[in-house]
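Assemble the whole structure, with the sequences as input and the hints as a guide.
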Amino acid sequence: RKEVEQDPGPFNVPEGATVAFNCTYSNSASQSFFWYRQDCRKEPKLLMSVYSSGNEDGRFTAQLNRASQYISLLIRDSKLSDSATYLCVVFRMDSSYKLIFGSGTRLLVRP
Amino acid sequence: EAQVTQNPRYLITVTGKKLTVTCSQNMNHEYMSWYRQDPGLGLRQIYYSMNVEVTDKGDVPEGYKVSRKEKRNFPLILESPSPNQTSLYFCASSLGGEQFFGPGTRLTVL
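Chains L and P, in that order, are what the protein sequence lines are. The first sequence maps to residues 89 to 199 in our numbering. The second sequence maps to residues 56 to 165 in our numbering.
Derived from the structure by calculation, the hints contain no laboratory data. Don't be surprised by glycine CBs; every beta carbon is placed ideally from N, CA and C. Take the hints with a grain of salt, since some may be wrong.
Heads up, incomplete: computed chain L residues facing chain P, CB under 8 angstroms, no partners named [claimed, not checked]: (1) Ser-120; (2) Glu-131; (3) Pro-132; (4) Ser-137; (5) Phe-179; (6) Leu-187; (7) Ser-191; (8) Gly-192.
Okay, structure coming up:
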């Protein structure tokens, strides 16, 4: 079982739709959480950090549920430019110091 | 401009021919790492470095070497490449949890 799991999608939604992605993690030593965005054949870039109390950045809302060990990303009013792969990322520092990446969820926003 | 650079961006080589992929960052970050990305497997960490002369294995270190003689540079060395190392490689440096990635190196080993 992968340490960070995501539904690979693709999620195919019309412009203006609201879409949500979930991600589960298995290591309770996980300390910090992030969503990264990756466009086709490009490098991943940080979209937003995920805080315990939940946080919002414009049309994007991230939530963390430590008890159930999952993270979510909600995108409201989807734009064509939101089409990308969204990577759930977990940072843990126990015997190692590393970021663990999920395989990504692909989003396609159609006109 | 703050950035991570990698070279080469594209490389086609043959089995057994030693190669080095360079990585350099200008942000004075202490932490650097190398990843490979393969379809369906996501990004997997090869090696990481907490600081100069401090390196450690990631999840898939076999067949790779790294060195960290200076803070800004973290080259990835394939002593004897094999076809299963055909992949997209990313170097990254970080401050805390945010990683800044290089543009990637697409390597094909024939």
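Task: In rising order, the numbers of the hints this structure does not comply with - done: none
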